[in-house]
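A.B. asks: The residues making up each chain are set out below.
There are 2 protein chains.
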Amino acid sequence: MNGAESLIRTALDAGIEVCFANPGTTEMPLVAALDAVAGMRAVLGLFEGVCTGAADGYARMADKPALTLTHLGPGFANGIANLHNARRARSPVVNIIGDQATWHLAADAPLTSDIMSLAHNVSAWIREVNNANAAAPDMAEAIAAARQYPGHIATLIVPSNCQWDPAGGASKPFQADRVEHAPDNAVKASAELLRKSGAKAVLFLGGRAMRERGLKAAARIAKKCGCGLMCETFPVRIERGGAMPPVEKLPYFPEQALESLSRFEAVVIAGTRAPVAFFGYPNMPSMLIPEGHEVETLATAEQDAQTALEALAEAVGAPSEGVAAPRPANPRPTGALNPKTVSGALASLLPEGCVVMDESATTGLPFFMTTMGGPAHTYLALTGGAIGQGLPCATGAAVACPDRKVVSFQADGSGMYTLQALWTQAREHLNITTLICNNRRYRILEAELARAGITEPGRIARSLTSLAQPEIGWAKMANGLGVPAVRVETAEALVTHLEKALAEKGPNLVEAVF
Amino acid sequence: MNGAESLIRTALDAGIEVCFANPGTTEMPLVAALDAVAGMRAVLGLFEGVCTGAADGYARMADKPALTLTHLGPGFANGIANLHNARRARSPVVNIIGDQATWHLAADAPLTSDIMSLAHNVSAWIREVNNANAAAPDMAEAIAAARQYPGHIATLIVPSNCQWDPAGGASKPFQADRVEHAPDNAVKASAELLRKSGAKAVLFLGGRAMRERGLKAAARIAKKCGCGLMCETFPVRIERGGAMPPVEKLPYFPEQALESLSRFEAVVIAGTRAPVAFFGYPNMPSMLIPEGHEVETLATAEQDAQTALEALAEAVGAPSEGVAAPRPANPRPTGALNPKTVSGALASLLPEGCVVMDESATTGLPFFMTTMGGPAHTYLALTGGAIGQGLPCATGAAVACPDRKVVSFQADGSGMYTLQALWTQAREHLNITTLICNNRRYRILEAELARAGITEPGRIARSLTSLAQPEIGWAKMANGLGVPAVRVETAEALVTHLEKALAEKGPNLVEAVF
Numbered sequence: 001m002n003g004a005e006s007l008i009r010t011a012l013d014a015g016i017e018v019c020f021a022n023p024g025t026t027e028m029p030l031v032a033a034l035d036a037v038a039g040m041r042a043v044l045g046l047f048e049g050v051c052t053g054a055a056d057g058y059a060r061m062a063d064k065p066a067l068t069l070t071h072l073g074p075g076f077a078n079g080i081a082n083l084h085n086a087r088r089a090r091s092p093v094v095n096i097i098g099d100q101a102t103w104h105l106a107a108d109a110p111l112t113s114d115i116m117s118l119a120h121n122v123s124a125w126i127r128e129v130n131n132a133n134a135a136a137p138d139m140a141e142a143i144a145a146a147r148q149y150p151g152h153i154a155t156l157i158v159p160s161n162c163q164w165d166p167a168g169g170a171s172k173p174f175q176a177d178r179v180e181h182a183p184d185n186a187v188k189a190s191a192e193l194l195r196k197s198g199a200k201a202v203l204f205l206g207g208r209a210m211r212e213r214g215l216k217a218a219a220r221i222a223k224k225c226g227c228g229l230m231c232e233t234f235p236v237r238i239e240r241g242g243a244m245p246p247v248e249k250l251p252y253f254p255e256q257a258l259e260s261l262s263r264f265e266a267v268v269i270a271g272t273r274a275p276v277a278f279f280g281y282p283n284m285p286s287m288l289i290p291e292g293h294e295v296e297t298l299a300t301a302e303q304d305a306q307t308a309l310e311a312l313a314e315a316v317g318a319p320s321e322g323v324a325a326p327r328p329a330n331p332r333p334t335g336a337l338n339p340k341t342v343s344g345a346l347a348s349l350l351p352e353g354c355v356v357m358d359e360s361a362t363t364g365l366p367f368f369m370t371t372m373g374g375p376a377h378t379y380l381a382l383t384g385g386a387i388g389q390g391l392p393c394a395t396g397a398a399v400a401c402p403d404r405k406v407v408s409f410q411a412d413g414s415g416m417y418t419l420q421a422l423w424t425q426a427r428e429h430l431n432i433t434t435l436i437c438n439n440r441r442y443r444i445l446e447a448e449l450a451r452a453g454i455t456e457p458g459r460i461a462r463s464l465t466s467l468a469q470p471e472i473g474w475a476k477m478a479n480g481l482g483v484p485a486v487r488v489e490t491a492e493a494l495v496t497h498l499e500k501a502l503a504e505k506g507p508n509l510v511e512a513v514f
Numbered sequence: 001m002n003g004a005e006s007l008i009r010t011a012l013d014a015g016i017e018v019c020f021a022n023p024g025t026t027e028m029p030l031v032a033a034l035d036a037v038a039g040m041r042a043v044l045g046l047f048e049g050v051c052t053g054a055a056d057g058y059a060r061m062a063d064k065p066a067l068t069l070t071h072l073g074p075g076f077a078n079g080i081a082n083l084h085n086a087r088r089a090r091s092p093v094v095n096i097i098g099d100q101a102t103w104h105l106a107a108d109a110p111l112t113s114d115i116m117s118l119a120h121n122v123s124a125w126i127r128e129v130n131n132a133n134a135a136a137p138d139m140a141e142a143i144a145a146a147r148q149y150p151g152h153i154a155t156l157i158v159p160s161n162c163q164w165d166p167a168g169g170a171s172k173p174f175q176a177d178r179v180e181h182a183p184d185n186a187v188k189a190s191a192e193l194l195r196k197s198g199a200k201a202v203l204f205l206g207g208r209a210m211r212e213r214g215l216k217a218a219a220r221i222a223k224k225c226g227c228g229l230m231c232e233t234f235p236v237r238i239e240r241g242g243a244m245p246p247v248e249k250l251p252y253f254p255e256q257a258l259e260s261l262s263r264f265e266a267v268v269i270a271g272t273r274a275p276v277a278f279f280g281y282p283n284m285p286s287m288l289i290p291e292g293h294e295v296e297t298l299a300t301a302e303q304d305a306q307t308a309l310e311a312l313a314e315a316v317g318a319p320s321e322g323v324a325a326p327r328p329a330n331p332r333p334t335g336a337l338n339p340k341t342v343s344g345a346l347a348s349l350l351p352e353g354c355v356v357m358d359e360s361a362t363t364g365l366p367f368f369m370t371t372m373g374g375p376a377h378t379y380l381a382l383t384g385g386a387i388g389q390g391l392p393c394a395t396g397a398a399v400a401c402p403d404r405k406v407v408s409f410q411a412d413g414s415g416m417y418t419l420q421a422l423w424t425q426a427r428e429h430l431n432i433t434t435l436i437c438n439n440r441r442y443r444i445l446e447a448e449l450a451r452a453g454i455t456e457p458g459r460i461a462r463s464l465t466s467l468a469q470p471e472i473g474w475a476k477m478a479n480g481l482g483v484p485a486v487r488v489e490t491a492e493a494l495v496t497h498l499e500k501a502l503a504e505k506g507p508n509l510v511e512a513v514f
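So the sequence lines, in the order shown, correspond to chains A and B.
Start counting the first sequence at 1; every next residue gets the next number (our numbering).
Start counting the second sequence at 1; every next residue gets the next number (our numbering).
Honestly, the hints are just simulated from the structure, not real lab data.
Treat the numbers as computed from the prediction; the structure is a model and nothing was measured.
Be a bit skeptical, because a hint or two may be false.
[What the hints assert, rightly or not] Capping the alpha-carbon separation at 27 Å, the derived lysine-lysine pairs in DSS-like fashion look like this:
id: 1; chain 1: B; residue 1: LYS172; chain 2: B; residue 2: LYS64
id: 2; chain 1: B; residue 1: LYS476; chain 2: B; residue 2: LYS500
id: 3; chain 1: B; residue 1: LYS505; chain 2: A; residue 2: LYS476
id: 4; chain 1: B; residue 1: LYS249; chain 2: B; residue 2: LYS200
id: 5; chain 1: B; residue 1: LYS223; chain 2: B; residue 2: LYS200
id: 6; chain 1: A; residue 1: LYS476; chain 2: B; residue 2: LYS500
id: 7; chain 1: B; residue 1: LYS476; chain 2: A; residue 2: LYS476
id: 8; chain 1: B; residue 1: LYS200; chain 2: B; residue 2: LYS188
id: 9; chain 1: A; residue 1: LYS500; chain 2: B; residue 2: LYS476
id: 10; chain 1: A; residue 1: LYS223; chain 2: A; residue 2: LYS249
id: 11; chain 1: B; residue 1: LYS340; chain 2: B; residue 2: LYS476
id: 12; chain 1: A; residue 1: LYS249; chain 2: A; residue 2: LYS188
id: 13; chain 1: A; residue 1: LYS505; chain 2: B; residue 2: LYS476
id: 14; chain 1: B; residue 1: LYS249; chain 2: B; residue 2: LYS224
id: 15; chain 1: B; residue 1: LYS224; chain 2: B; residue 2: LYS200
[Unchecked claim] Interface residues of chain A toward chain B, partial, derived using beta-carbon atoms under 7 Å:
id: 16; residue: ILE80
id: 17; residue: HIS104
id: 18; residue: VAL276
id: 19; residue: ILE454
id: 20; residue: PRO470
Note that CB positions come from ideal geometry on N, CA and C, so glycine has one too.
Next comes chain A alone, as it looks inside the complex (with noise of 0.2 Å):
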């Protein structure tokens, strides 16, 4: 047994099933081992962005590891931007990164480079194997720092001598962290402070505690006390619809957000911490909060904020049935495809117990409140802003959950970022369905320049804001990917072709241009 495949061993035995892998020339003895040490499932992206994107979209849905394998300091770059967003989303990663021979490294050959440097700006945790049969126990380790409740990212790296050298076995398994409790003080005041506060209050929910139990108990805390209930503006995951109770979302832009909470005069925070502005603008706060606000934190996002509420909701009294949200009527739209009518379709259609990737950007605001009490699903939203997440992650959670349907919902701007995801969905034969919201523009950018005061753009500023010169076929993109798609204009068409498309067993793709 060499370094390499004591590693695949000791990932296996831990329970690690898939490796998202774009690798090189230092990784082969580990693409070697992934044939002499059976077991755990190969799939590759011609891209590194797809496979730590997918590996986020994989442990959302899972809610344990895989791993990614990237070739050097370059190759691992290219996956950073997908994996700030998994760093965001507290997702379980862990990256296995290839180097060069130990003995190699003096030599500063063309791909050397300071590989812990770019590790260290998205890992928790980051070790270089010194030698093969260091291989195994760091890679039992890696994966107890990535399993750390809700989830770290971990990287390690090894260099291709200490893959290929002989090395004594696999190692076992950590035992897995017990979750912190929040504390009983924690639960006391905020049950008081929403008895105090009645409708003045909101629950404010991230992180873990917008899964099943959670809400549950969310919703009979609502129930008793008349508290609103809000969500972050960029949800993990999230179960909606069906038996899930209205869960409205904290806006995007920090004037809305401030407005959304000043109709609140006390906040308890469950999963999360208190929300903050996306960027700063002049004259704005970086803190969303109204000043006078009561503020108390049930749990952090590193407490087990579903347990929290279930105590909350003992503590208030609360019945054993919620609020529920009512059912949204949500009719076939027509006519001109814009905002209004790319949701209002995806929203009439959408599969009961679907996942649905939303990095649909500006065209897909309405989505979510119309989506409420609808059919029961899964929501993934990009949790970090760093575009391009949608594709990867829809596949990644595909690969976790092969038997639900995966909506795409994906922007054009933020889709080109890491269009390779599609073949990776082809070759995989994953149950995708994309919806592109082709709009030709970066339509944030042109509301953050108006933001800015700029009220009549400049030619160089609407050409950098501007995807219509030449127009993108996403169709023809898709189609070259091994996707078969195809291109609508009007919401008739929009609704045909996406009701098809999602009776189908993916993957497929359907652009509106708009």
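Starting from the known structure of chain A, arrange chain B on it as the hints suggest.
C.D. replies: Structure of chain B alone, referenced to chain A:
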């Protein structure tokens, strides 16, 4: 005038003409400044690796820096792989990265990350602007740092409030640094070694030594001394064909490189350092010059190698005319497509005076030898091994040289990393013909598996080196990105369509499938 305008004004005053941009919200004042302060060409890339690779290609052909404009840590991270290549090419590049407003950093908003640690990996010079008045002087310093001979990567992080706050004005450009000359005793020692060793010596050329003046001097030296002429495996930029001398390329694999250099007993190095193996392999050395060879360094990469070669030519008493490469017969190939016929088709049709960006990997191996004495052309290679450089680098070269045809000789696997460059080529009407070598595999990895002793790869190893399932349709993707394209499957069809494509003012693309 605000900080952003003072920064752009400073760049213009220093002679910078082009900004390869993929901006976001934190760069909006800089985008507005590009309109307010007229004169900068802004070129949009739909992925940051396109921008940084284009800046590299531009710098290699223009011998001065362009700007890149990217969005915070994750946006910049997407550009690191091609900055790694630019660093190895010693290309001057000035990166401008927007950051959160200084007073908003503490809020740790979703897109916030440690940009310094990312920039560190590829930058010779880094600074974060502290206030709007510092934007202009910091920019002037960044440009000076980038221009330090032969070229460096300078990275300036500009918080958004330092862009929008009022500022004093532009800063004067620094005087250009003088170029360091090679020491006289290096010329003397090199002349002695060449005279002594005759045909047993080789002149090993890299960096700026491979420009016209340097090569003409090298040709004269070879004529006088009978020494061989060899260049780096991956030349930054070499002038070839026409009146240029025959220069052999050091082979890629270490055993071949060692064999190639063992024909000699003495090596004189100009414009680079002693060659090292790209990767370490068991029982192979890091250094490629065989032990026992006599080695002299005429000029390092940081010294003026061209002037040193001219001095060396005088020192050995070289004639005014040097050795010339014989004009090869490059008949148009027929029959099946393979590395020989694909390379042969391009060699047979190579336009006089073109620029060739070669990221053709294994397919293009025969090309370099067969075009040694053909039509005059400039040849650019992948310098740092981070694949995905070709399409962006060709894009930047075409921006720098609007009157020359750029030929982008591109492997399929590598091309997939940054295919978004095709859209920029279409938008900017760049005169680029792309020849895609669609061999549907990472062939170099198949070779590396064999070298690692895995002569019969298992199912997973075969899968991770194959791009055949599904097949990628490059012509379809190019069409989707606005570039006219054709797919061919025989040498005859390749010759016909490549000849037509080369005769047109691009952009266009020919996909050779084999």
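A.B. asks: Would you mind marking each hint as holding or not holding in the structure?
C.D. replies: Do the hints match the structure? See the list:
no. : hint                 : result
1   : LYS172/B to LYS64/B  : holds (17 Å)
2   : LYS476/B to LYS500/B : holds (19 Å)
3   : LYS505/B to LYS476/A : holds (24 Å)
4   : LYS249/B to LYS200/B : holds (17 Å)
5   : LYS223/B to LYS200/B : holds (14 Å)
6   : LYS476/A to LYS500/B : holds (23 Å)
7   : LYS476/B to LYS476/A : holds (6 Å)
8   : LYS200/B to LYS188/B : holds (18 Å)
9   : LYS500/A to LYS476/B : holds (23 Å)
10  : LYS223/A to LYS249/A : holds (19 Å)
11  : LYS340/B to LYS476/B : holds (25 Å)
12  : LYS249/A to LYS188/A : holds (26 Å)
13  : LYS505/A to LYS476/B : holds (24 Å)
14  : LYS249/B to LYS224/B : holds (21 Å)
15  : LYS224/B to LYS200/B : holds (13 Å)
16  : ILE80                : holds (4 Å)
17  : HIS104               : holds (3 Å)
18  : VAL276               : holds (4 Å)
19  : ILE454               : holds (5 Å)
20  : PRO470               : holds (3 Å)
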